[in-house]
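Visitor: Sequence:
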Amino acid sequence: MRLLIVLVAFFSTLHLSAQTFKSGFDAVEYADLLMLNFKGFSDTSFKQLSNKELRYQYQFTSVTPEVGLANKCAFYLRKDGVGIINLRGTVQKTESWLANFYAGMIPAIDSITLNDGSTFPYQVAANNKSYVHVGWMLSLAHLAPYINHFVDSLRQVGVKQFIVSGHSQGGALAFLTTSYLFYKNHSQGMALKTYASAAPKPGNLYYAYDFELITRDGWGS
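Heads up: the sequence shown is residues 211 to 431, going by the working numbering.
Don't read these hints as lab results, they were simulated from the structure. It is possible that some hints are incorrect.
Claimed, not checked - Each computed DSBU-like pair below joins lysine-lysine, with the alpha-carbon atoms no more than 30 Å apart:
#1 Lys232 x Lys411
#2 Lys289 x Lys303
#3 Lys289 x Lys370
#4 Lys394 x Lys262
#5 Lys394 x Lys289
#6 Lys257 x Lys289
#7 Lys232 x Lys249
#8 Lys339 x Lys289
#9 Lys411 x Lys394
#10 Lys249 x Lys370
Put together the whole structure using the sequences plus the hints.
Guide: Pasting the structure below:
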């Protein structure tokens, strides 16, 4: 509820311009996202980013606790009305590296049972020959409730455009998060753009074909 109030307050100041959200690689947009990838995972570090470092204006809305395999995600609303989902990469913790090394492959349409007994049903591709990296899917399973809450809160105030971003392990998670959100929300008019830098491969060739299809025409970089 608090997040929704913050978003409504910020949203009332927005000057929406759909023209700023477009397909294709945008160097200025990407530079901002890289800065957020490295410095944007707490309110304090976000505030230390000067206006010279960020070309767009952002409202820092929330950051998840560290969950799963030392995973974290930060959320922002850009001044032009685009939601930003920023996935953290590998950190110097054993659990974080385990996410990388836990490299078995699981179906792209299935469910994961977590330690607390809850079940995370997911679809990240259409083809049943698609398989994805189990460690990063487990990471996404822990982050998904926070991601869904952010997306649903923004959609309540009319935001339908989102950028998913990450570097290194965060890039792999950005691929999977994009796929997850696409298959969960694409019938509701949600628009997604992805920037994944230095990302390891999150799935097999069939998954790669599927990701290329859902981000065709320049919506994945």
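Visitor: Next, verify each hint and record whether it holds.
Guide: Status of the hints after comparison with the structure:
1. Lys232 x Lys411: Satisfied, since the Cα-Cα distance of roughly 25 Å is no more than 30 Å.
2. Lys289 x Lys303: violated (34 Å)
3. Lys289 x Lys370: This hinted pair holds, its Cα atoms lying about 14 Å apart.
4. Lys394 x Lys262: Not satisfied, since the Cα-Cα distance of roughly 37 Å exceeds 30 Å.
5. Lys394 x Lys289: Holds, at roughly 26 Å.
6. Lys257 x Lys289: holds (16 Å)
7. Lys232 x Lys249: holds (25 Å)
8. Lys339 x Lys289: Given that 30 Å is the threshold and the Cα spacing comes to 40 Å, the pair is violated.
9. Lys411 x Lys394: holds (22 Å)
10. Lys249 x Lys370: holds (26 Å)
Violated hints, listed in ascending order, are 2, 4, 8; each of the other numbered hints is respected by the structure.
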